[in-house]
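Number of protein chains: 2
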Amino acid sequence: MYSEQMYELGSKSSMIREIFEYGKQRAAVVGPENVFDFSIGNPSVPAPDTVKKAIEELVLEGDPVLLHGYTSAAGDMGVRKAIADNINERYQAGVKPELMYMTAGAAAALCSVIRGLACPGDEFIAFVPFFPEYTVFVNSNGGKLVSVGVREKDFQIDLDILAAAVNEHTKAIIVNSPNNPSGVVYKEETIQALAKFMKEKSAEYGHPIYLIADEPYRELVYDGLEVPYLPNYYDNTLVCYSYSKSLSLPGERIGYVLVSPKVEDAQKVYAAVCGAGRGLGYVCAPSMFQFVVGKCVGQTSDISIYKYNRDLLYDNLTSYGFECVKPDGAFYLFMKASEADAVAFCERAKKYDLLLVPCDSFGCPGYVRISYCVQPDMIKRSLAAFEKLAAEYK
Amino acid sequence: MYSEQMYELGSKSSMIREIFEYGKQRAAVVGPENVFDFSIGNPSVPAPDTVKKAIEELVLEGDPVLLHGYTSAAGDMGVRKAIADNINERYQAGVKPELMYMTAGAAAALCSVIRGLACPGDEFIAFVPFFPEYTVFVNSNGGKLVSVGVREKDFQIDLDILAAAVNEHTKAIIVNSPNNPSGVVYKEETIQALAKFMKEKSAEYGHPIYLIADEPYRELVYDGLEVPYLPNYYDNTLVCYSYSKSLSLPGERIGYVLVSPKVEDAQKVYAAVCGAGRGLGYVCAPSMFQFVVGKCVGQTSDISIYKYNRDLLYDNLTSYGFECVKPDGAFYLFMKASEADAVAFCERAKKYDLLLVPCDSFGCPGYVRISYCVQPDMIKRSLAAFEKLAAEYK
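From first to last, the protein sequence lines are chains A and B. Going by the working numbering, the first sequence opens with residue 1, and the numbers climb by one from there. Going by the working numbering, the second sequence opens with residue 1, and the numbers climb by one from there.
Bear in mind the hints are in silico, worked out from the structure with no lab data behind them. Check before you lean on any hint, since a few could be wrong.
[Stated by the list, open to error] Keeping only pairs whose Cα atoms sit at most 27 Å apart, straight-line, the calculated DSS-like set for lysine-lysine is:
1. Lys350/B with Lys295/B
2. Lys81/B with Lys24/A
3. Lys53/A with Lys53/B
4. Lys12/B with Lys81/A
5. Lys96/A with Lys12/B
6. Lys12/B with Lys262/A
7. Lys295/B with Lys326/B
8. Lys351/B with Lys53/A
9. Lys187/A with Lys336/A
10. Lys295/A with Lys53/B
11. Lys24/A with Lys96/B
12. Lys144/A with Lys144/B
Treat the numbers as computed from the prediction; the structure is a model and nothing was measured.
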C-alpha cells in the first residue's frame with residue numbers, strides 16, 4: 001500500500017526531536033524556566049540586521065516577478081558569483097560560480113551529492129560522532145553509510161582505523177568540521193594526512209574517492225582557530241554549505257554545493273549533482289533567500305554568545321567532574337556519560353529536567369550531546385542540576 | 001565515478017529550458033521586443049500586495065529566531081490550520097491539518113508522495129498531455145510512469161483507454177486539472193466516472209489505487225468554472241498543491257501535500273509521505289513563506305490578465321486557421337501543429353521569432369504549447385508572425 005521503508009522514516013522521528021517534544025510538554029507542567037532543554041541545534045541568536053535590511057530592500061525596491069520567480073535551476077548567477085568571489089578572497093581556492101549549485105540547505109546539498117555520486121554498492125564513510133541524519137541521507141539516496149571510529153583522546157581522525165574501513169566500494173568520505181556533536185575542528189596536519197591517504201587509495205582502486213566537506217559550522221569557531229579549506233588540500237572535494245547557523249536562517253533552507261574545479265571531470269560531476277537535485281524535486285533554491293545571502297556575503301550573526309556559553313558550560317561541568325571534549329567550534333558540548341549506558345544517564349538527568357541527547361545514534365554510545373545554542377541564563381539556572389547529577393555518581 | 005542516470009538528468013536540460021535560453025540569446029541579437037517567447041510558465045503578474053505586506057509585518061514585528069527557525073518537519077501547525085480551515089470552508093472536505101505536510105512547492109510534494117507510496121514494480125499513470133517533469137519525478141523516486149491517452153476531441157479522460165493501462169501494478173493515477181499544457185478542466189461527470197472506475201479496480205486488485213491530485217492551477221480558471229475538489233469524489237486521494245501560480249511565488253518553493261482523512265490508513269500513508277520527504281532532504285518547507293501563505297490564505301494574484309491573454313490568443317489564432325483547445329484554466333494554449341512533426345513546426349515558427357514548445361515530451365506529438373503568462377503587448381506584437389506562419393501552410 002505504501003513504502004515500508006519510508007513509513008519507518010516518517011513514524012520513527014529522530015531521538016533529538018523526541019526529546020525536544022518532551023521538553024515542551026514538561027515546560028507546560030513545571031514552567032519553561034525550570035526545564036533545561038539542551039536537545040536541539042536551533043540557533044539562539046537572531047539573523048544579523050543586514051538580513052533584515054536585505055529583505056526590506058528586495059521587497060520594497062525589487063521587481064516581485066523577478067524576486068519571487070524561478071531562478072535558473074542551479075541558482076542565480078549573480079548570487080553564485082558573489083559567494084564564489086568571497087570564498088576566493090578568503091581561501092584563494094579558485095572556485096567557479098559555474099560549478100556552484102544553490103540548494104535548500106545542507107540537507108538538500110548532501111542528498112544531491114550522494115544521489116549524484118552513488119552507484120550500486122557504493123559506500124560513504126562518516127567519522128564518529130556524526131549527525132544521525134547522515135544515515136538517512138546516505139541510505140535513502142543509493143549509498144550505504146559506513147561508520148568509522150576516531151582517536152578517542154582528541155576525536156581526531158585515525159588513519160589506521162580509517163584504512164581498515166576503506167575498500168574498492170568506498171565512493172566518498174564525509175568530513176564535518178567543526179564537528180556536530182563533538183565540536184572538534186580537524187587539525188591541518190590531520191587533513192594533510194587524510195588527503196595523502198585518500199590520494200593513495202584512489203590510485204590503488206583506480207577511481208577517485210571523493211571528499212564531501214559538510215560545513216554548516218565553518219564560521220562558528222573559537223579562539224581564532226583556522227578551519228582548513230578542504231578543496232585546497234584535496235582535489236576531488238565537494239563542499240556542502242548552509243547558512244542555517246552562520247546567518248541563523250535554519251528554517252529558510254538555503255545553502256549550496258560547490259564542486260571544486262580540481263575535481264576530475266568536474267563538469268560531469270557537477271551535472272550529476274544537479275541532475276540528482278532535479279530528480280529529488282528541487283526546482284531551484286528559495287529565490288528571495290538566494291538574493292538575501294548574496295547581499296550578506298561574508299556576514300554572520302553575532303556568534304560571540306556561543307563562545308560565552310561554551311566556556312560557562314565547559315568550565316563548570318568539568319569542575320563537577322564531568323569528562324568533556326573542549327569544543328573548538330559549533331555549539332555542542334560532547335560529554336562522556338557517567339555510566340556506560342548514555343540512554344540511562346540521560347534518563348537520570350531528566351529527573352533534574354536536564355534534557356541531554358544520548359549519542360548512540362551519532363555512532364558514539366556512552367556519550368551525550370549538550371546543545372548550547374541557548375540563552376546563557378538557562379545555562380546558569382541549569383548548573384545546580386548538573387551538579388546534583390554529578391553527585392549521583394560520586 | 002558518478003551516477004550515469006543523474007548525469008543524464010543534469011546534462012539534458014528540459015526542452016522548455018532550452019527554448020527559453022535560446023530566446024534570451026536571440027533577444028540579444030534582434031532586441032527583446034522582436035522575440036515572442038511563449039516557452040516558460042513563469043507567472044507574469046506580481047504577487048499580490050498582501051504578500052508584500054505579510055513579509056513586511058513578519059520581518060518588522062516577528063521574532064527573527066522564530067521566523068527563520070526550523071518549523072516542525074511537517075510545517076507550522078498554525079499555518080496548516082489556516083489552510084485547512086480555508087479548504088473546508090470552500091469545499092466542505094473535512095481535511096485535517098494533522099494530515100497536511102508543507103513542502104517546497106508541488107515538485108517536492110509530488111516526489112514525496114511518489115517516493116512514499118512506491119513499492120518495487122509500482123506504476124504511476126498520467127494522462128496525456130502531461131508536464132514532462134512527471135517522468136523525472138516518478139522514475140527517479142521508485143516508480144514507473146505510464147502514459148495514457150485521452151479523448152482527442154476534448155481531451156477529457158476516456159475510461160476505455162485508461163482501463164487498458166490499469167493493472168495490479170498500478171499504484172496511483174495522477175490527475176492535473178486545470179491541465180498543463182492543455183488548459184482543460186476535467187468535468188464533474190468525468191471525475192465521478194473516474195472515481196467509480198478506480199473504486200472498482202481497487203476492489204478487483206485488493207489494494208487501493210491512489211488518486212494524486214496535482215493542483216498548482218486550481219485557482220486559475222475562467223468563465224466562472226468550478227474545479228471539482230477530488231477528495232470529495234474519491235476517498236484514497238492525496239492533493240499536491242503549490243502557491244507558485246496562485247500567489248506568483250514560483251521561486252519561493254512553497255506548497256503542501258494533503259492526505260485526505262478518508263484515505264485508508266491515512267495516518268500511515270501520511271507518515272510514509274513525510275518519511276519520504278525526510279529521505280529526500282526536505283527538513284522543513286521554507287519557514288518565512290510558510291507564515292506568508294498562512295497570512296494570505298484565500299488570496300490570489302490578479303489573474304484577470306490571463307483570461308484577457310487567453311481570449312486574445314485563442315480568438316486570433318483560430319481565425320488564422322490554427323486548431324486550438326480552448327483553455328478552461330491555467331495559462332497555456334494547446335495547439336495542433338500545422339504539420340505532423342511538431343518539432344519541425346516549432347523550428348519553422350522560429351523563423352518569425354515565435355518560440356513555441358513542441359509537446360512530444362508531454363506525451364502528445366503533433367501539438368505545441370503556447371505559454372500565455374506574458375505581457376499582452378507581446379501577444380499583440382506576435383500576431384502578425386502567427387499569421388505569416390499560418391500562411392506557410394495554406
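Tested hints:
1. Lys350/B with Lys295/B: At roughly 44 Å apart (the allowed maximum being 27 Å), Lys295/B and Lys350/B break the hint.
2. Lys81/B with Lys24/A: 20 Å, holds
3. Lys53/A with Lys53/B: Distance ~16 Å between Lys53/A and Lys53/B Cα, so the pair holds.
4. Lys12/B with Lys81/A: Distance of about 24 Å is within 27 Å: holds.
5. Lys96/A with Lys12/B: 21 Å, holds
6. Lys12/B with Lys262/A: 23 Å, holds
7. Lys295/B with Lys326/B: Roughly 34 Å between the alpha carbons, so the hint for Lys295/B and Lys326/B is violated.
8. Lys351/B with Lys53/A: With a Cα-Cα distance of about 46 Å, the restraint between Lys351/B and Lys53/A is violated, given a limit of 27 Å.
9. Lys187/A with Lys336/A: Holds, at about 22 Å.
10. Lys295/A with Lys53/B: 22 Å, holds
11. Lys24/A with Lys96/B: The given pair, whose Cα atoms are some 23 Å apart, holds under the 27 Å limit.
12. Lys144/A with Lys144/B: 24 Å, holds
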